[in-house]
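2 protein chains.
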Amino acid sequence: MKKITTLLLLNSCLIFAQSSDELQLKEIYKQALTNSKCYSWLDYLSNKIGQRLSGSDNAGKAVLYTKSELETLGLDRVYLQEVMVPKWVRGEKETAYIQNGKNKTNIPVCALGGSVATPKNGILAEVIEVHSLKELETLGTEKIKGKIVFFNRPMEAGLLNTFEAYGGAVDQRGAGAREASKYGAVGAIVRSMNLRLDDYPHTGWMGYKDIPKTQYIPGAAISTNGAELLSKSLKENPKLKFFLKQSCMQYDDVLSYNVVGEIKGSEHPEKIIVVGGHLDSWDLADGSHDDGAGVVQSMEVVRMIKNMGYKPKNTIRVVLFMNEENGGRGGDKYNELAQTNNENHIFALESDCGGFTPRGFSFECDDANLAKAQTWKALFEPYMTASFTKGHGGSDIEPLQSKKIVKAGLKPDSQRYFDYHHAATDKFDAVDKRELELGAATMASLIYLFDQYGIVE
Amino acid sequence: MKKITTLLLLNSCLIFAQSSDELQLKEIYKQALTNSKCYSWLDYLSNKIGQRLSGSDNAGKAVLYTKSELETLGLDRVYLQEVMVPKWVRGEKETAYIQNGKNKTNIPVCALGGSVATPKNGILAEVIEVHSLKELETLGTEKIKGKIVFFNRPMEAGLLNTFEAYGGAVDQRGAGAREASKYGAVGAIVRSMNLRLDDYPHTGWMGYKDIPKTQYIPGAAISTNGAELLSKSLKENPKLKFFLKQSCMQYDDVLSYNVVGEIKGSEHPEKIIVVGGHLDSWDLADGSHDDGAGVVQSMEVVRMIKNMGYKPKNTIRVVLFMNEENGGRGGDKYNELAQTNNENHIFALESDCGGFTPRGFSFECDDANLAKAQTWKALFEPYMTASFTKGHGGSDIEPLQSKKIVKAGLKPDSQRYFDYHHAATDKFDAVDKRELELGAATMASLIYLFDQYGIVE
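Residue numbers (the numbering used here), protein chains in the order written: chain Y, 1 to 457; chain R, 1 to 457.
Simulated from the structure, these hints should not be mistaken for lab results. Some clues are possibly wrong.
Since the list gives no way to pick out one identical chain from another, each pair is judged satisfied if it fits inside one copy or across any two copies.
Lysine to aspartate or glutamate pairs mimicking EDC-like chemistry, simulated, CA-CA at most 20 Å apart [what the hints assert, rightly or not]:
| no. | residue 1 | residue 2 |
| --- | --- | --- |
| 1 | K311 | E27 |
| 2 | K403 | E457 |
| 3 | K427 | D198 |
| 4 | K102 | E236 |
| 5 | K37 | E228 |
| 6 | K26 | E164 |
| 7 | K30 | E156 |
| 8 | K37 | D198 |
| 9 | K26 | E156 |
| 10 | K30 | E164 |
| 11 | K37 | E156 |
| 12 | K404 | D367 |
Computed from a predicted model, the values in this text were never measured in an experiment.
Chain Y with its partners taken away, still in its complex shape (with noise of 0.2 Å):
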């Protein structure tokens, strides 16, 4: 008797505490569509400041503004983390174009992030199309030598996640200079990541680890638009050339920073739960989805929780990491710095997806506490964010590490974001106010349950 009286009990406890998040999570959504700052935060990062590259003025602006932004809301701290930071200068507009015997036809072009300059003049060239960088080990040297490599694989279409399709073309951008390097190419030209056709290039880091300085070469994105005159062009003649100049310029690492906002824990101030995005951008538009939305998300995230009253159990931080775009040294400091403090993080949460309507989050975690999640999934239904599946959490929380710790990262409706990233349309028009707050809601949510039911130890 005695046993079913408990069960009773225990059930309607159960029943109580699902009903009371019922309601949290739907005061959370109608404030964030009715009474949010976070899109008038986007406007003035996308209009009043604009592109945020790693070591830019504008960067610098931003650090400023988000902090001064965040001390309004009444936090327990608000600090800066000091991170030295890559700057690298696009200098100059690219210029590119094909030169079929007497016709020159201008492209659109720029520098991939971290790419070295051309010569002065341009490097004026033949073009050999591949699809692949393991087509240059095929090729060899003596098709590539003296020649620019255009990269020329689109992103699968058919995929629905744009995402997968992303990390399947993308290591055309990463490597496709170092690689073709060593075959003797004289520059590479990458097909913009973008699933559209249009006149805009896609910027993005591009790497060449250890390869020897004097074997550098540069490398560019070439809009989609381009990419197909270019193929088609080269299959009409395959001895035309391609001028490329870029006046791009890697300086010495500079001082920047994390921006850091805290409201302590009223239980357990030692675990820490972080929510963030970042606040460095490329630099052909504003970054509004890359990363803009992810910071003022992530600052509407506290500012709600302070808003209604709710007191965190744990510490809740809100962390704008620098440099995420080519470094990520803000990442990486971040987590030094919880290392030397012998800090205990139970949870991240991280949006860089952009701010489209949202729609679950990828769980980077072990199964036991992915299952815990998945208990919620009912109360996100309403919201239909009830999407949850194992997978990356995000970059800049990637190197955060501690004893036990859930990772997730927001996911929204992936289908535009490929055509804003890194472009220069990622504007702040491209952005949709209730998308973006409906984003907001959803980790502020996810956020409100772990810090009342914790992770799993």
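Could you slot chain R onto chain Y? The hints should help.
Chain R alone, transformed into the frame defined by chain Y:
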């Protein structure tokens, strides 16, 4: 023993069936994302034809264009259905301003569809702000007579589903002028059905119903920013005046058409499955989302069926309805002819909620058929389109009657819809190619399943 064998056999058939459906949906989604025509059709409809208000030359061009495109698809029959439609014309661009003492501030407005014009020199009158039709009663003739009634109840931002928010506010647009006229108002201006604050007025249908023609007063939509400003100004000076001038006209009905294309069923040619959207649009923009998207997605469904060599058991009919926006005559006519010809419609699917990422369907049917559809949810889960709810099918298929019919509406993500709906912003660039294509795939998948497994009759 026999029983077990039968069960096993049945089970393995089910597994086989499931697996072949899975493959079919996989193929449909892949085709849609890699090899569809819907986006280029929409490009033509939006950019080469443009707005397609019923009775306009452009609506006529859209009829001819879509008919000729359907004729290229190898369908068994493509034809037009004659339908008389209202012809309402906006006339000159409307003008409006707030006259506050000596200050005049221009305000973006547009006539509501079906409205009468103002007198040639416009109207200038004091304004009374209300938040509901009900409030008119409370105020009565004394406070309303001679004034412009300003309906300013916003769509409720806190609701997740923006169509619900629309449903909660649109009575002001449909009935505001009519009801205000009963209390002697000289005009009605209605806050645009838009969740954003911007400068675009959103038109849409309004009706006078059975009030005498002499009592018709002009109705206009005011942009949300304009509404905010007017409301604020009225608080400061309740005696300010508002000027409105519009010159719209209602002409006699004119001949137009529904466009129909048909693939004859191989097993049950007498059973008809309809898929459609509406060819007409409002006149302020291309109507790319409303409902260019639904038109080209419906065309894409039959194109894919032919292209994949799928032989439907039932007759599949694509119907591009005329005059959904301001009369619904196309839907009525389609039903009228179906009754005359004793046709047996088993399933009708409409896409009229924009070309955004599809989330699932709303089903208008009995519980048995809803339960049947829900057994297919798992097939849609890999595409994140498995939100199957009970609800409205669509305006054009609403009149359609049959012995037993299941109706459904495609339900895309609703967050951005009212940024564009009936406004100058509803243009081709607001539609994402992949989101549009995924909608078409989701529709084709459901059409396939109803064709394969029928309805519960």
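(message) Which constraints among the numbered hints does this structure fail? Numbers only, ascending.
(response) Violated hints: none at all, because every hint is consistent with the structure.
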